[in-house]
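Novice: The task is simple: from the sequences and hints, build the whole structure.
So the protein sequences, as listed, match chains A and B. Per numbering that gives the first Met the number 0, the first sequence starts with residue 0, numbered consecutively. Per numbering that gives the first Met the number 0, the second sequence starts with residue 0, numbered consecutively.
Since the hints were derived computationally from the structure, they do not count as laboratory data. One or more of the hints may lead you astray.
Pairs of lysine-lysine residues, derived as DSS-like cross-links and limited to a Cα-Cα distance of at most 27 Å, are as follows [stated by the list, open to error]:
| no. | chain 1 | residue 1 | chain 2 | residue 2 |
| --- | --- | --- | --- | --- |
| 1 | A | Lys110 | B | Lys5 |
| 2 | A | Lys167 | A | Lys154 |
| 3 | B | Lys5 | A | Lys292 |
| 4 | A | Lys292 | A | Lys32 |
| 5 | A | Lys32 | A | Lys317 |
| 6 | A | Lys167 | A | Lys110 |
| 7 | A | Lys289 | B | Lys5 |
| 8 | A | Lys167 | B | Lys31 |
| 9 | A | Lys33 | A | Lys293 |
| 10 | B | Lys31 | A | Lys162 |
| 11 | B | Lys5 | A | Lys33 |
Just so you have them, the derived chain B footprint on chain A, three or more residues with Cβ under 8 Å [unchecked claim]:
| no. | region |
| --- | --- |
| 12 | 37 to 49 |
| 13 | 292 to 305 |
Quick reminder that beta carbons are idealized off the backbone N, C-alpha and C, glycines included.
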Amino acid sequence: MRNKGFIKNWRKNFKAIEKYQFIYHFLPHPERKKRAPFLSHKAFIVYIITIIALSGIFRILPKVVPGILGYASNINVSDLLVYTNKKRNESGLGNLVINDQLSRAAAAKAKHMFEKDYWAHISPGGVTPWDFILGAGYDYVYAGENLARNFSNSKDVVEAWCKSPTHKENLMSSNYDEIGFAVVNGVLDGYETTLVVQMFGRTQGSVRAAAVPEAPAEDVEAVRVAGQPVEEKEEVEQVLEEVPVVSIPERITANEPLIDITTVSRSFFIAFGGFIMGLLVLDIWYSRKKGIKKFTGHTLAHLMLITVALVTVWFILKPGDIF
Amino acid sequence: MDLDEKHLIEYSILGTILLLFIGFFWYFRFDKTALLIVSGAGALLYSIWGIIHHAVQERLTRLIALEYILFGFLVFLLLFFVIGL
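Specialist: See the structure below:
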């Protein structure tokens, strides 16, 4: 009897009811036959505006305060060489040997990209990879270049190159017998990142020394034309002077920016996606329990889409960009 | 063909779309531009599926169509946020 009276009084006590009102933001409404307010059209529009605003902040912030945001990485030359040669061996090709001149050219290229703030094979001023290679004293017959940035580990870098036909062509070319790497941390386009430069080559001497001369291939990145003028020579020489003659393979320390974009964006995606997923599950469960027939789209279909999006980002998406 | 059978066929189509989305996402996992295109196409196909599904069921209203468009766009923006950075 006491309990019944308590319930009766509780129902009249608006303050007590108000205390638990927030729960109806998460649950479908039995009388209005609508979804929870957090799954309404208005809520979707608010979420969309919030995501657009966040994307804007993450793009503007590096321009205003460079170096705050970045990509954490742990890439080193030794691993890059091992994975590159492993891929070549799988295709029946021989190992590439590290060449210090090519590595110096790669280091100069990375330095030049950070200094001039560009991400391309040819600089805005017209400096080509071949200028760096020749500037480092490597007298090439065949040469090629692969670039990568924002990756978290060495294996992903090589896998990404192998997934791209043009980069794979360089990696798997029998025209090269030497390789050079540079793994350099710095600020590019406002983001703290790690640039990976991979340069391939074969010298005049090694071609002459080869027992079986190779036919000139059409699919190589560059076949040097004798007497080709080196553009922007002074600029290249200046960069090369600042790059020390390094002993390769050199281990590179990990890059740890103040805010790691990969972690932040993924965490936000998982948290927000999980929140929406939870609301949709709650909607299905509560509607069935209370027999609420809503005149809306299918919650199950929404649930399927958000689950697939979460799975792909969690298990498949990898950070990094190649050129 | 009863309603449950119709639902099953239409949900199978949605399942196929989502499986294809996963497949393409995996295949282009190192190509950011392609991933954005795949995400956009996935979200668009989802919205179209929702609208056609409700039209076939003769339950399509402007609000339902808007719901599928908004939800598809929301998921695309979430993917854009995480892929584009």
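Novice: If a hint holds in the structure, say so; if it does not, say that too.
Specialist: Structure-based check of all given hints:
Restraint check for Lys110/A and Lys5/B: not satisfied, since their Cα atoms lie roughly 61 Å apart, outside the 27 Å limit. For the given pair, Lys167/A sits about 14 Å from Lys154/A by alpha-carbon distance, which is consistent with the 27 Å threshold. With a CA separation close to 19 Å, the supplied pair Lys5/B and Lys292/A stays within the 27 Å bound. With a CA separation close to 6 Å, the supplied pair Lys292/A and Lys32/A stays within the 27 Å bound.
Taking the CA atoms of Lys32/A and Lys317/A, the gap is about 41 Å. The hint is violated against a cut of 27 Å. This hinted pair checks out: Lys167/A and Lys110/A have alpha carbons roughly 24 Å apart, not beyond 27 Å. The straight-line distance between the Cα atoms of Lys289/A and Lys5/B is roughly 26 Å, inside the 27 Å bound, and the hint therefore holds. Of the pairs offered as hints, the one joining Lys167/A and Lys31/B holds, with about 17 Å between alpha carbons and a cut-off of 27 Å not exceeded.
With a C-alpha separation of about 6 Å, the suggested pair Lys33/A and Lys293/A falls inside the 27 Å cut-off, and the hint holds. For the given pair, Lys31/B sits about 12 Å from Lys162/A by alpha-carbon distance, which is consistent with the 27 Å threshold. In summary, the hint linking Lys5/B to Lys33/A is supported, as the alpha carbons are separated by about 24 Å, within the 27 Å threshold. Coverage of the region 37 to 49 of chain A by chain B holds. Counting CB-CB distances below 8 Å, 5 residues qualify, and the rule asks for three or more.
Look at the region 292 to 305 of chain A against chain B: 10 of its residues bring a Cβ nearer than 8 Å to a Cβ of that chain, three or more, so the hint holds.
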